[in-house]
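Novice: Heads up: the sequence lines are chains L and R, in that order.
When the first sequence is numbered by this note's numbering, its final residue is 108 and no position is left out of the sequence of numbers.
When the second sequence is numbered by this note's numbering, its final residue is 108 and no position is left out of the sequence of numbers.
Rather than coming from a laboratory, the hints here were simulated on the basis of the structure.
A couple of the hints might just be wrong.
[To be verified] Some chain R residues near chain L, calculated using beta-carbon distances under 10 Å: (1) -8; (2) -6; (3) 23; (4) 56; (5) 72; (6) 79; (7) 99.
Nothing here was measured: the structure is a model prediction, and the numbers come from that model.
From the three backbone atoms N, C-alpha and C, an ideal C-beta is built for every residue, glycine too.
Number of protein chains: 2
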Amino acid sequence: MKSDTFHMSMLFDFYGELLTDKQKELFDLYYNEDLSLSEIAEHAEISRQGVRDAIMRAESILRDTEDKVGLVKKYSGYENKLIRIREEASYIAGVNSGLRNYEIAKHVDSIISTVDELLK
Amino acid sequence: MKSDTFHMSMLFDFYGELLTDKQKELFDLYYNEDLSLSEIAEHAEISRQGVRDAIMRAESILRDTEDKVGLVKKYSGYENKLIRIREEASYIAGVNSGLRNYEIAKHVDSIISTVDELLK
């Protein structure tokens, strides 16, 4: 039954707080800790079917929310792209350390600090 | 009863699809079109109190979702900061048009195109 783990982890990062504490716990053990349904059942002292139902219910809440809200689709690639911008800016800073152009240095610093605000 | 219009519009932009069509319609007329409760009541052919209840219910869904998920807080300032990064990069391109440094030009172009991907 396991769905795409990476996608499920992303949905959980964005919308996990919409789940109950119990759903969060079981979902986390299954998708982030990679325990089997049987292992989780033993740990949580409920039936394997109970674990399965709870996780499927949680998946359905996360998927339905994403279908309506679409924020994972919109923002999930943001962080990597921001890191790329930061790298490009650092590269310009490196080239400019030979040129010593004050205007370039100032604007590169501003790009890096703005990216850092967005990444924090 | 009107809450901060700007904040409510942001919440609506992010989470509006979690509302029913009716809630969306009334909320939009009140917060985006700035109609009064009485005007909306007349338009929708329901009581003023009915309009008020529906909008308060919609507000509560949007606020509760933001309290749990926090994506407006996290992402609402993103666009302005990305535009600022784009401006700084254009400024560097301008300085570099005198210097004609190929490496700087290449990395500035890459920053601008990555920002444009994030803004689209």
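Novice: All the hints need checking, so say for each whether the structure fits it.
Specialist: Evaluated hints:
1. With 10 Å as the threshold, the beta carbon of residue -8 of chain R stays out of range of chain L, its nearest partner Cβ sitting at about 21 Å, so the hint is violated.
2. Because the closest C-beta pair between residue -6 of chain R and chain L is about 19 Å apart, greater than 10 Å, the hint is violated.
3. Taking 10 Å as the C-beta contact cut-off toward chain L, the hint placing residue 23 of chain R at the interface is violated, the least distance being around 25 Å.
4. Residue-level restraint check for residue 56 of chain R holds (minimum Cβ-Cβ distance to chain L is 4 Å; threshold 10 Å).
5. The restraint placing residue 72 of chain R at the interface with chain L holds, with a minimum CB-CB distance near 6 Å, inside the 10 Å limit.
6. For the restraint placing residue 79 of chain R at the interface with chain L, the shortest Cβ-Cβ distance is roughly 5 Å, inside the 10 Å limit, so the hint holds.
7. With a cut of 10 Å, the hint placing residue 99 of chain R at the interface with chain L holds, because the nearest CB-to-CB distance is about 5 Å.
Of the numbered hints given earlier, the model fails hints 1, 2 and 3; all others are met.
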